[in-house]
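**Student:** Let the sequences and hints guide you as you build the complete structure.
What follows is each chain in one-letter form.
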Amino acid sequence: MAMTRDQINEKVKETLMDALGVDDDEVTDDATLMGDLGAESIDFLDIVFRLEKAFGIKIPREELFPAENLLNDSAYVDHGKLTGAGLERLKSQMPHVDFTEFEKDPDLNKMPDLFRVNSIVTYIENKVNAA
Amino acid sequence: MRWIWIDKFVEFESGKRAVAIKNVSLAEEYLHDHYPGYPFMPASLLIEAMAQTAGILVGQARGFQEKVILAKVSRAQFYDLARPGDQLILEARLETITPEAAIICGTIRCREKLIGQISLMFSHIDKNLAGQEFPQENFVFNNEQFINLLRSYEAEKP
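Going line by line, the protein sequences match chains A and B.
Remember, our numbering sits 27 above the position in the first sequence when you count from 1.
Remember, our numbering sits 40 above the position in the second sequence when you count from 1.
If you are wondering where the hints come from, they were derived from the structure by calculation, not from laboratory data.
Glycine residues also receive a C-beta, built at the ideal position from the N, C-alpha and C atoms.
Take the hints with a grain of salt, since some may be wrong.
Stated by the list, open to error - Restraint-style ranges between C-beta atoms, simulated for each label pair:
#1 LEU135/A to GLU69/B: 43 to 51 Å
#2 ALA195/B to ASN99/A: 27 to 35 Å
#3 GLU184/B to GLU53/A: 22 to 30 Å
Unchecked claim - Which residues of chain B face chain A? A partial, calculated answer using Cβ under 8 Å:
#4 ALA111
#5 LYS112
#6 ALA116
#7 GLU140
#8 ILE143
**Tutor:** Take a look at the structure:
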């Protein structure tokens with residue numbers, strides 16, 4: 028069943044409110060999961076479970092939040108920054124994320140800012156409407 | 041031996057649900073301080089009782105091969121106090137289990153009344169944190185005493 032972006036947006040926000048115990052006015056499109064909404068590593072798994080249930084889809088491990096496995100590879104990380112190859116790889120793994128800002132300075136410390144509410148909505152939109 | 045905070049299981053459906061009992065007794069010392077003259081079980085210990093009920097349900101579902109740790113208390117709401125003399129009925133239902141983690145929803149009843157609702161998330165720790173390994177000895181299910189205890193009950197079954 029096709030869903031509009033608004034419908035998906037609303038359901039994703041409800042999911043995040045439940046998983047992270049935040050209020051609806053905090054879950055803005057641009058809010059970062061870790062910085063703004065206080066998500067910790069275990070919350071990402073919780074969010075994936077809840078999204079699977081809410082949308083009746085299967086979210087393969089490391090597809091929505093794939094950054095972790097990349098960080099342990101020296102070809103992709105150099106002096107605390109992603110290398111060109113690392114950035115390309117991350118971009119191909121996360122087509123649902125907007126890299127415009129991050130690309131200017133791919134500092135690992137700024138990676139948490141990549142995970143925003145609207146990137147989840149885009150991911151789900153691609154997934155639901157491709158099915 | 042690990043600290044065991046539930047008295048017994050009264051129902052156990054592998055991979056689905058478990059019901060355990062915890063009797064609240066003034067013989068337990070913490071009640072003397074919480075609070076003097078008005079004893080009741082702290083919410084943290086109600087959560088612990090649910091975590092043990094649910095943790096064993098989750099562990100058993102994978103043959104006690106995983107290191108199961110409590111990763112998140114997603115919800116804990118209480119509607120009444122658990123006081124000395126009460127018998128708590130803790131029911132945990134397994135909502136989701138995957139190679140990495142499990143989610144359970146639980147209720148606590150006493151005097152035929154719902155007194156608490158708790159949702160917990162458990163992590164299979166070896167499957168998370170980028171494959172980092174953890175020592176065996178810190179984990180309840182890999183503790184020989186715990187498994188032997190279970191076996192001794194199994195052996196006594198009619």
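**Student:** Would you check whether LYS112/B satisfies its interface hint, that is, whether its CB is within less than 8 Å of any CB in chain A?
**Tutor:** Constraint on LYS112/B satisfied, holds at 5 Å.
**Student:** I want to verify a distance hint. Is the separation of the beta carbons of GLU184/B and GLU53/A within 22 to 30 Å?
**Tutor:** violated (47 Å)
**Student:** Hint validation: ILE143/B versus chain A, beta carbon distance must be below 8 Å. Holds or violated?
**Tutor:** holds (6 Å)
**Student:** Against the range 27 to 35 Å, how does the distance between the Cβ atoms of ALA195/B and ASN99/A compare: consistent or not?
**Tutor:** violated (46 Å)
**Student:** Is the shortest C-beta separation between ALA116/B and chain A less than 8 Å?
**Tutor:** violated (11 Å)
**Student:** Measuring from the C-beta of GLU140/B to each C-beta in chain A, is the shortest one below 8 Å?
**Tutor:** Since the shortest Cβ distance to chain A is 6 Å, the answer is holds.
**Student:** Holds or violated: 43 to 51 Å for the Cβ distance of LEU135/A and GLU69/B?
**Tutor:** Taking Cβ atoms as reference, LEU135/A and GLU69/B lie about 49 Å apart, which means the hint holds.
**Student:** Once the shortest beta carbon distance from ALA111/B to chain A is found, is it less than 8 Å?
**Tutor:** holds (4 Å)
Hints 2, 3 and 6 from the earlier list are contradicted by this structure; the remaining hints agree with it.
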